[in-house]
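Participant: One-letter residues, chain by chain:
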Amino acid sequence: MTRFARVEGHRRSVGRDPRGGVQRRRERPAGPTRSPACGGDHGPRPGGAGGRRRRHGGEAPGRAPQAWAELSWRQADMRAGSSQLPQAERQQPGFWTFEYYQSFFDVDTSQVLDRIKGSLLPRPGHSFLRHCLRHRPDLYGPFWICASLTFALAISGNLSLLLAQRRDPSLHYTPQFHKVTAAGITVYCYVSLVPLALWGFLRWHGGARGRPRRPLGFLETVCLYGYSLSPFVPAAVLWFVPVAWLHWLLGGLALGLSAAGLVMALWPLLRGDPRVMVAALLSTVLLLHSLLALGCELYFFQPLPPVPPAPLTTALPPGSQLPAGTPRTTGT
Amino acid sequence: MAETVDVPGDSGTGSPRPLFAGLSDISISQDIPVEGEITIPMRSQIREFDSSTLNESVQNTIVRDLKAVGKKFMHVLYPRKSNTLLRDWDLWGPLILCVTLALMLQRGSVDSEKDGGPQFAEVFVIVWFGAITITLNSKLLGGNISFFQSLCVLGYCILPLTVAMLVCRLVLFAEPGPINFTVRLFVVIIMFVWSIVASTAFLADSQPPNRKALAVYPVFLFYFVISWMILTFTPQTQG
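In order, the protein sequence lines correspond to chains A and B.
Sequential numbering of the first sequence, starting at 1, is according to full-length UniProt numbering.
Sequential numbering of the second sequence, starting at 1, is according to full-length UniProt numbering.
No wet-lab data here; the hints were simulated from the structure.
Just so you know, not all the hints are guaranteed correct.
Claimed, not checked - Here are the simulated BS3-like cross-link-like pairs (lysine-lysine), alpha carbons at most 27 Å apart as the crow flies:
hint: 1; chain 1: B; residue 1: 212; chain 2: B; residue 2: 139
hint: 2; chain 1: B; residue 1: 212; chain 2: A; residue 2: 117
hint: 3; chain 1: A; residue 1: 117; chain 2: B; residue 2: 139
Keep in mind the model is a prediction, meaning the values are calculated, not measured.
My request is simple: use the sequences and hints to build the entire structure.
Facilitator: What follows is the structure, given as structure tokens:
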């Protein structure tokens with residue numbers, strides 16, 4: 001039971017998860033204690049002499065001893081061990097060690113769900129970065145949300161082709177497996193390259209202005225973008241229904257929620273900047289997001305009949321792609 | 001040899017002396033001949049065991065491995081919390097299943113490259129890289145399972161879906177229609193649920209309780225994608 005004694009010596013409750021894995025970043029300040037519900041309005045508390053604050057994963061206190069008992073010894077060792085290090089800084093493990101990457105996955109189910117909820121339903125005044133991430137980004141959410149979006153787009157698009165083939169028997173149904181690769185490349189490139197550009201721009205601009213503001217970390221930007229794609233997953237799942245107004249409604253809703261979350265997160269970071277620059281940056285972000293949504297809807301899903309479907313007329317908007325070799329019925 | 005011993009150095013005296021009486025006077029190498037053979041009764045048994053896996057016939061080896069694989073298949077088909085898959089992991093079963101599934105799912109070469117179902121290599125890559133990604137995910141979340149154990153469990157739990165693929169191929173010989181599709185959908189859904197239950201029974205205990213859902217969701221996604229590939233399979237003659 002020495003582990004429990006050691007943990008207590010650092011003014012943590014016995015059952016609490018010291019979150020040692022995440023505290024390896026040198027630039028991270030002692031953040032606020034996290035409330036269980038994402039969006040609680042806690043400002044950052046001043047870092048006291050104690051340095052490390054109590055962090056908990058949103059679990060109820062009563063579960064804590066059981067949680068400790070059920071942790072594997074290795075986890076407990078890692079966490080207890082890292083809590084013993086002096087409060088100033090912890091040794092950041094090298095990028096070639098497994099522990100370095102484990103620090104990006106140091107989240108619980110409840111935290112991930114809170115973050116998804118925070119990005120699905122953005123509230124004005126509550127920045128995703130401040131209230132949900134709280135300077136502890138993770139890679140689990142972005143990675144698996146992108147994977148879900150990839151497969152949702154491909155599978156739902158295939159379903160829409162199946163339904164279109166039922167309406168119009170001259171279409172040729174195939175599983176269209178290549179669309180999985182296309183969707184994967186698009187989504188993952190979007191979530192890695194656009195945050196890179198944004199982060200680079202903010203760093204350059206912050207450095208050029210000489211403002212001593214804490215810069216936005218790259219991982220936080222990736223996390224923000226990854227979670228902001230979560231409204232698209234249910235939209236992609238429902239887009240197979242071949243009703244035009246439903247497509248527009250779902251697309252608009254998903255894009256609106258996602259973009260609102262992004263804007264509300266980026267707005268506090270741009271305070272004090274010239275309006276032109278802020279407007280240009282935000283409109284670029286929104287434009288890229290809309291392009292993604294529109295591109296996905298047009299590429300993966302079948303063009304919809306503008307009128308109640310008749311068996312012989314199918315209006316094909318220009319630029320839409322159908323599988324090669326499909327006989328096109330020319331509509332009159 | 002508890003009686004008295006005639007010490008060779010005292011050749012003059014013929015009377016028996018108490019045991020070890022003059023032992024301090026003796027130097028071993030010169031006075032007591034120490035040689036001979038020591039036989040240990042266990043030795044022949046150990047020698048037999050050592051050579052049994054090296055010198056046995058190939059048929060014996062293959063049959064033994066097949067029996068191990070078959071035993072694990074049974075554990076997957078009747079999943080209950082047991083450690084067999086984890087303790088004696090092997091990757092033969094997953095390889096056999098993956099190759100079978102990929103052979104059945106691949107499209108013919110006559111079809112156009114852009115469309116159609118997955119190629120053999122695509123199915124192979126999806127299964128193995130999907131399993132590796134899920135294993136890495138569960139280890140990064142702090143799971144208590146080794147890399148190959150997790151690969152073994154995920155690979156073996158594809159067995160219900162391979163059975164579903166066989167059933168679907170047989171059903172596709174009948175005439176196409178909504179009943180055909182409904183039967184296939186039903187079979188695939190049942191086997192999908194079976195796979196999830198089987199793999200969760202083996203993998204669930206390796207994660208801390210506040211992260212179980214995070215580790216199980218990718219497994220769900222993995223088997224869902226494989227089920228989708230099975231369900232949308234259309235043989236070329238009907239295309």
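Participant: Are the Cα positions of residue 212(B) and residue 139(B) separated by 27 Å at most?
Facilitator: The hint holds at about 12 Å.
Participant: Do the alpha carbons of residue 212(B) and residue 117(A) lie within 27 Å of each other, as the hint requires?
Facilitator: holds, 19 Å
Participant: Between the alpha carbons of residue 117(A) and residue 139(B), is the straight-line distance 27 Å or under?
Facilitator: holds, 26 Å
Checked against the numbered hints given earlier, this structure breaks none of them.
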